[in-house]
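Whole structure, please, built from the sequences with the hints as guidance.
Now for the letters of each chain:
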Amino acid sequence: MSSDLNPKVPQAMDLAALRAKLAQENGKRFWQSLEELSETKEYREFLENEFPHDPAKDEPGMNRRDVLKLAAASAALAGLSACTKLPTQRIVPYVKAPEEIVAGKPLFYATSMPLAGVAAGLLVESHMGRPTKIEGNPEHPGSLGGTDVFAQAATLGMYDPDRSQTVVLEGRISSWAAFLTAMGNEKAAMSADGSGLRILTDTVTSPTLAAQTSAILKNLPAAKWHQYEPCGRDNSREGARLAFGKPVNTVYRMDQADVIVSLDADFVSCGPGHVRYAREFASRRVIEGKNANLNRLYVIESMPSSTGAVADHRKPLRAGDIEAFTRELAAAAGVAGANSAAASSKVPSEWTRAVAKDLAAHRGASLVIAGEEQPPAVHALAHAMNAALGNVGKTVYYTDPLEANPVNEMESLRELVTDINAGKVDLLFMLGGNNPVYDAPVDFDFGPALLKVKTRVHSGLYYDETAELCHWHVPAAHFLESWGDSRAFDGTVGVIQPLIQPLYDGHTAHEVVGVLAGDAGKSGHDIVQDYWKSVRPERDKAFAAFWERSLHDGVMAGTALPAISVALRGDIAQQVQNTPGEQLQIAFRPDPTIFDGRFANNGWLQELPKPNTKLTWDNAAMLSPATAQHLGFVDGDYVKLQLAGHETKAGVVIVPGHADNGVTLHLGYGRRRAGSVGTGPGFNANFIRTSNAPSIATGLKIEKTGDRYYFAVTQHQYVIDQDGHQVEKEGVEAARRDLIRIATLEEFQKDPNFAKDQREESSKGLTLYPGFKSEGYAWGLAVDLNKCVGCNACVVACQAENNIPVVGKEQVMKGRAMHWIRVDTYFRGGIDNPETYYEPVLCMHCENAPCEVVCPVGATVHSPEGLNEMVYNRCVGTRYCSNNCPYKVRRFNFLLYSDYTTPSLYGVRNPNVTVRSRGVMEKCTYCVQRINAAKITSEVENREVRDGEIVTACQGACPAEAILFGNINDPNSRVAKWKAQSRNYHLLDDLNTRPRTTYLARVLNPNPEIQG
Amino acid sequence: MQIFHHSTNTISRVSIYGAVFILALLGGVLYAIELSPIYTRVNEAREQPVPFSHKHHAGELGIDCRYCHTSVEKSSFAGLPPTQTCMTCHSQIWTNAPMLEPVRASYRDDKSIAWTRVNALPDFVYFDHSIHVSKGIGCTTCHGQVAEMPLTWKANTLYMEWCLDCHRAPEKYVREKSKVFDPGYVTPSNQLELGAKLVKEYKIHSLTNCSTCHR
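If you read the sequences in order, they're chains X and H.
Positions 1150 to 2161 (the working numbering) are the ones given, in order, by the first sequence.
Positions 2 to 216 (the working numbering) are the ones given, in order, by the second sequence.
What the hints contain is simulated information worked out from the structure, not anything from laboratory work.
Cβ atoms here follow ideal geometry from the backbone N, Cα and C, with glycine treated the same way.
Hints may contain errors.
[Claimed, not checked] Here are the simulated DSSO-like cross-link-like pairs (lysine-lysine), alpha carbons at most 30 Å apart as the crow flies:
{"id": "1", "chain 1": "X", "residue 1": "2128", "chain 2": "X", "residue 2": "1899"}
{"id": "2", "chain 1": "H", "residue 1": "204", "chain 2": "X", "residue 2": "1254"}
{"id": "3", "chain 1": "X", "residue 1": "1671", "chain 2": "H", "residue 2": "112"}
{"id": "4", "chain 1": "X", "residue 1": "1922", "chain 2": "H", "residue 2": "201"}
{"id": "5", "chain 1": "X", "residue 1": "1958", "chain 2": "X", "residue 2": "1853"}
{"id": "6", "chain 1": "X", "residue 1": "1254", "chain 2": "H", "residue 2": "201"}
{"id": "7", "chain 1": "X", "residue 1": "1234", "chain 2": "H", "residue 2": "201"}
{"id": "8", "chain 1": "X", "residue 1": "1373", "chain 2": "X", "residue 2": "1336"}
{"id": "9", "chain 1": "H", "residue 1": "75", "chain 2": "X", "residue 2": "1254"}
{"id": "10", "chain 1": "X", "residue 1": "1254", "chain 2": "H", "residue 2": "178"}
{"id": "11", "chain 1": "X", "residue 1": "1922", "chain 2": "H", "residue 2": "173"}
{"id": "12", "chain 1": "X", "residue 1": "2126", "chain 2": "H", "residue 2": "204"}
{"id": "13", "chain 1": "H", "residue 1": "204", "chain 2": "X", "residue 2": "1922"}
{"id": "14", "chain 1": "H", "residue 1": "201", "chain 2": "X", "residue 2": "1245"}
{"id": "15", "chain 1": "X", "residue 1": "1850", "chain 2": "H", "residue 2": "173"}
{"id": "16", "chain 1": "X", "residue 1": "2037", "chain 2": "X", "residue 2": "2126"}
{"id": "17", "chain 1": "X", "residue 1": "1922", "chain 2": "H", "residue 2": "180"}
{"id": "18", "chain 1": "X", "residue 1": "1245", "chain 2": "H", "residue 2": "75"}
{"id": "19", "chain 1": "H", "residue 1": "136", "chain 2": "X", "residue 2": "1254"}
{"id": "20", "chain 1": "H", "residue 1": "136", "chain 2": "H", "residue 2": "178"}
{"id": "21", "chain 1": "H", "residue 1": "112", "chain 2": "X", "residue 2": "1254"}
{"id": "22", "chain 1": "H", "residue 1": "178", "chain 2": "H", "residue 2": "56"}
{"id": "23", "chain 1": "X", "residue 1": "1245", "chain 2": "H", "residue 2": "56"}
{"id": "24", "chain 1": "H", "residue 1": "136", "chain 2": "X", "residue 2": "1922"}
[As the list claims (entries may be wrong)] Chain H side only, calculated, beta carbon under 10 Å to chain X, not exhaustive:
{"id": "25", "residue": "124"}
{"id": "26", "residue": "204"}
{"id": "27", "residue": "212"}
Here it is in structure tokens:
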């Protein structure tokens, strides 16, 4: 790491001064980071220089003269190519062509991606049998066409060269056949009732796998089936047990709710149905003309989340104090006996009363959602509030659980560990990518316990921490290689069908467990199909038709679980209340990018800036500015975290808006054996996570080690200069360009044109450039900031579609991440609870593009349809274009970032997009490959391109439908209508770049009774 | 005293000016080579695992181009026939010809024939057959008189300069849609007149912006 990456230890920021500064600005200023507010040197560098780190320093010993010499030599050598011949290439056709494949045309297949047992419906693009890109499945209730970051990154996960590739027996290469034989022997040697056999799976909603497992347990009644998920849903299951006496599945109808209260629930980016919920939530933030039927969202949360950012009112509250608040709110909302004097949440009672009043005013159209990490009592009280508010059957309904066998997973794992320690387990199967050696709570001491089992069998995508302690390891088939089934958030069964033969010797959980179920050697397809044959009423031809239909749609029609009526128990409010006390508290959360660690080896997800913090490649001990000040910490302090006798270390990141007196630590990092990407980054939260307090724990001790840790945070990179160059001349207020424009609903209705800037309007005609005329198509894109939930799906979708490379942590720190679209995050107001605004920024495709006029070689030029094109072959890497781009959307390949040598990664690339080499500039193309494909299709069919026919990758992935692309020359196109709205504005309009990418200003719907 | 003779002045002048000319000449020669068949392999009949003759199949027998190149109207890629296509006829005729043994072996062993590619574009160029044939650009316009090639060769350089020649003035090459697949098509004497008419009729845009082919 070069020395300029290790800046001096920052002075503890003078937070009091920052607060005073912000107060002086009347809370009107938008800011992006604490570095910006304190004007650190590093921030100024990133603001003023497009490339703050001098690339010349990267390769010491190379001076300008050497470069020129090399350039001359290579030019001379280039001439020699004429002395050879064009190389001979081979072209290899099929022997028998598959019927449906037309070479050069992609096919789309429906499948489902299970995550923590809940399926997301997908359509997967396949090029000649090679899955390359994932889209949402519009027919699937959990998707409706949208996706999330995990689904978007799944293709890279499948092609990951670090996946385990062969059956392993005690560290040596073995085979599937040998495994089948060995398991046959094990089974024969087993006692007749199967005592000694244990199966550990992740959360199972697959009807087939459940049937297989029950069949095993029927034959071997003394065997046991355990389920464990490090980021499972124990709290909501137990909450339902508390409220109704039995576990149920809760389904929300977000679009029916006028008022929503989230109790630490990040429902737009996490948990069952989040993609669907983001869509439904955004559908109630639509404004057309002056009409708006906006919902109102209150969020009470400890760690700033995407849901908190899109809230109309947000209160930071320590995770453990939310129960007290819930009781106060429940009491105010009319749940009898909810409140007790045991603890107070410190939320002003006027605030709570105002929220309760708003809820009551929208009886039957309000909704209270409890977050998964909150204790069961909060879930139960949320159920009670929804019942008291008459919401059940309207904005929320209940079904039977999605899980075939709903158990308390923590207790299930505890029982397994107890049995192992008692010497009762002889044969243990671990399926579904389970990795308990890494992610089981520390007090279970799972690793040493595991070694007591006589025969240990592990099946997973990677030879991981658990696999290395097992006798047998069977590579799991990735879901894109598998036959299977899985339930969506509402119970609808989604079909999992393979896009490709397993790349390695992969086998599905069905096949592995089939060894015990008497299905040994049976293919995954037959196991799944035979199960459905046995339960469906259709026979023969009718079944074949049903099966075909299900494969085509990706869902089995009519399998959604019906709503059930549940009776609320009377004594909910009397449950024992947790009293967290005033000690420092820690909350464990699934990571927003790598989840529980299962995606740790996925470079796209590792490099994805996490919402709000913009942290990449790491997790961190995240705490509020006030707590950091109190403890004397600055960003990057390397600290020791001690909890209940356990200890881990982590770097500190200060997060504006985090609740005071609490620390948030994401799970999934600190992997010891994840692969070449995932091994190493971050800190292992599982070292201090115990089974009694897996999500919230009080009594954390935190102290400095004296060392420093360097994070790759992109928050203050690519900052657009919002103060403009005129600051010194005219003063801050005059020159400030509002990159984010917002109004309350009331203000909007008074002045629908609030987003237009009069100064800018008047300067429209002033230009020295010839007017840009666009006949035929004129491509344009609009982003509705009222709908964007900042989930990042667009960023990964763009990466997958456009072959964007991963650069690694060190390069990210230098400001060289290659993403073509980024979600800028702006804050407004004080640093303790700022309002948060998201703004996806991609190439603006300016009509007066500043980048084009400075390119000495014509490598970036304008198309007649208004695209700002990038011609890689012409680019010589002067970087003038990037230097002249006020939006900072251009990315330069400082090094050879694209992997040219790993064969399995060739497969993940989009064949319609050039893989860029070193020394070339690149940027968003509006997915020109998709534009051209649609134009060619339309021309062949002798018609115009239809509105909506071209969907850019970012637009296709967006769960909230916040991005819209189309022909702005057609006044009837949807995008033209969006742009005709009064909320439409340009970024940096004063530069008269005339961007084709525009934004629809955000309109908030705050409760007039609440100040701030 | 003079170390160098007077003539040194002339020699040095000549060699300095000469060097410019020699370098220019060298550059010119290299450029000429790059445009010539020596480098481009234009007109070089390429050896194939099976000496397939377009002259026989397309010319003498009159088999339509699309019988083998099935996706030319639908896709960017014209399509290379699978072994099965060869076997539709050759399971009936010439069943014992030794020349066809690799074809039979391929079908028997389910192993593809690795043909030598004749027409190839660099990876950063995205060409689409379907749009060209649907706008009245004939096969022979780019691929030459295929029906007269015993072994197939490349008829044109496929350089960008060559592409742009047509993209800038499509009327020079466009033909009636009904004659796109005619292997014996002869350019009419009134091509420019006919071409101008067809350009209008087929709504041919002369697309010369970079992203048409590069992306």
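Cross-check of the supplied hints:
no., hint, in the structure
1, X:2128 - X:1899, "20 Å, holds"
2, H:204 - X:1254, "24 Å, holds"
3, X:1671 - H:112, "28 Å, holds"
4, X:1922 - H:201, "22 Å, holds"
5, X:1958 - X:1853, "24 Å, holds"
6, X:1254 - H:201, "29 Å, holds"
7, X:1234 - H:201, "40 Å, violated"
8, X:1373 - X:1336, "15 Å, holds"
9, H:75 - X:1254, "8 Å, holds"
10, X:1254 - H:178, "23 Å, holds"
11, X:1922 - H:173, "28 Å, holds"
12, X:2126 - H:204, "28 Å, holds"
13, H:204 - X:1922, "20 Å, holds"
14, H:201 - X:1245, "41 Å, violated"
15, X:1850 - H:173, "81 Å, violated"
16, X:2037 - X:2126, "28 Å, holds"
17, X:1922 - H:180, "37 Å, violated"
18, X:1245 - H:75, "19 Å, holds"
19, H:136 - X:1254, "19 Å, holds"
20, H:136 - H:178, "7 Å, holds"
21, H:112 - X:1254, "23 Å, holds"
22, H:178 - H:56, "23 Å, holds"
23, X:1245 - H:56, "25 Å, holds"
24, H:136 - X:1922, "26 Å, holds"
25, 124, "7 Å, holds"
26, 204, "8 Å, holds"
27, 212, "5 Å, holds"
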